[in-house]
Amino acid sequence: GNSVTQMEGPVTLSEEAFLTINCTYTATGYPSLFWYVQYPGEGLQLLLKATKADDKGSNKGFEATYRKETTSFHLEKGSVQVSDSAVYFCALSGTSYGKLTFGQGTILTVHP
Amino acid sequence: DTAVSQTPKYLVTQMGNDKSIKCEQNLGHDTMYWYKQDSKKFLKIMFSYNNKELIINETVPNRFSPKSPDKAHLNLHINSLELGDSAVYFCASSQVSGTTTNEKLFFGSGTQLSVL
Numbered sequence: 004g005n006s007v008t009q010m011e012g013p014v015t016l017s018e019e020a021f022l023t024i025n026c027t028y029t030a031t032g033y034p035s036l037f038w039y040v041q042y043p044g045e046g047l048q049l050l051l052k053a054t055k056a057d058d059k060g061s062n063k064g065f066e067a068t069y070r071k072e073t074t075s076f077h078l079e080k081g082s083v084q085v086s087d088s089a090v091y092f093c094a095l096s097g098t099s100y101g102k103l104t105f106g107q108g109t110i111l112t113v114h115p
Numbered sequence: 454d455t456a457v458s459q460t461p462k463y464l465v466t467q468m469g470n471d472k473s474i475k476c477e478q479n480l481g482h483d484t485m486y487w488y489k490q491d492s493k494k495f496l497k498i499m500f501s502y503n504n505k506e507l508i509i510n511e512t513v514p515n516r517f518s519p520k521s522p523d524k525a526h527l528n529l530h531i532n533s534l535e536l537g538d539s540a541v542y543f544c545a546s547s548q549v550s551g552t553t554t555n556e557k558l559f560f561g562s563g564t565q566l567s568v569l
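Read top to bottom, the protein sequences are chains F and R. Going by the working numbering, the final residue of the first sequence carries number 115, and the count climbs one at a time with no gaps. Going by the working numbering, the final residue of the second sequence carries number 569, and the count climbs one at a time with no gaps.
None of these hints come from the bench; they were simulated from the model. The C-beta atom is built at its ideal place from N, Cα and C for all residues, glycine as well. Just so you know, nobody snuck in bad clues.
The calculated lysine-lysine pairs, modelled on DSS-like cross-linking and capped at a C-alpha distance of 27 Å, are:
# : chain 1 : residue 1 : chain 2 : residue 2
1 : R       : 462       : R       : 520
2 : F       : 80        : R       : 494
3 : F       : 80        : R       : 493
4 : R       : 494       : F       : 63
5 : R       : 557       : R       : 497
6 : R       : 489       : R       : 472
Listed below are several chain R residues computed to face chain F (Cβ distance under 10 Å; list not exhaustive):
#  : residue
7  : 488
8  : 497
9  : 498
10 : 501
11 : 547
12 : 558
13 : 560
14 : 561
15 : 563
All chains should be modelled from the sequences, with the hints used to inform the complete structure.
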């Protein structure tokens with residue numbers, strides 16, 4: 004079945020540091036890939052997505068490229084801010100109707 | 454207006470009780486979901502409904518019973534609550550095209566359930 008593996012957290016960075024959160028997946032067919040973000044006390048929000056191989060999703064300075072050859076969708080940001088502190092989830096769409104499979108989440112804390 | 458709203462935000466109850474969580478979406482979406490998030494932030498789908506019809510029913514104890522009176526509402530009723538049911542429960546909605554989700558999910562802000 005489908006699965007998503009994210010790098011273990013928590014991740015702690017200083018403001019303006021470079022961020023990478025690794026995500027790899029196992030899936031049949033051609034899934035779409037997503038990054039969701041959960042700020043403290045809130046529900047998840049879509050951060051970015053890519054629907055086919057070599058697509059790059061980007062939003063709010065975050066980027067991720069759909070790499071079919073390495074089955075990866077790593078999240079990057081060049082310069083993080085304190086306000087980026089949140090839990091980040093990698094996810095993929097499946098063939099089951101409307102179902103997303105989420106990774107285990109990576110807690111990011113950014114210090115001033 | 455909140456797109457996906459769920460109530461209550463916090464629910465503290467004793468083992469053995471029966472409780473309900475309500476969810477409503479005003480986005481006109483045709484599909485709604487319940488997800489469970491454990492203390493380690495792991496998120497797992499429980500159910501999904503499309504136009505009031507049950508589509509996904511993961512391996513969830515039958516003490517959990519979703520009900521969708523119309524496509525804008527998906528409520529979750531839990532019987533005989535157990536300690537292990539303590540978690541954050543998220544409702545979500547989306548507009549599904551075909552059999553895959555290429556459109557984003559909109560999540561509610563969660564219901565933190567604590568079973569004592």
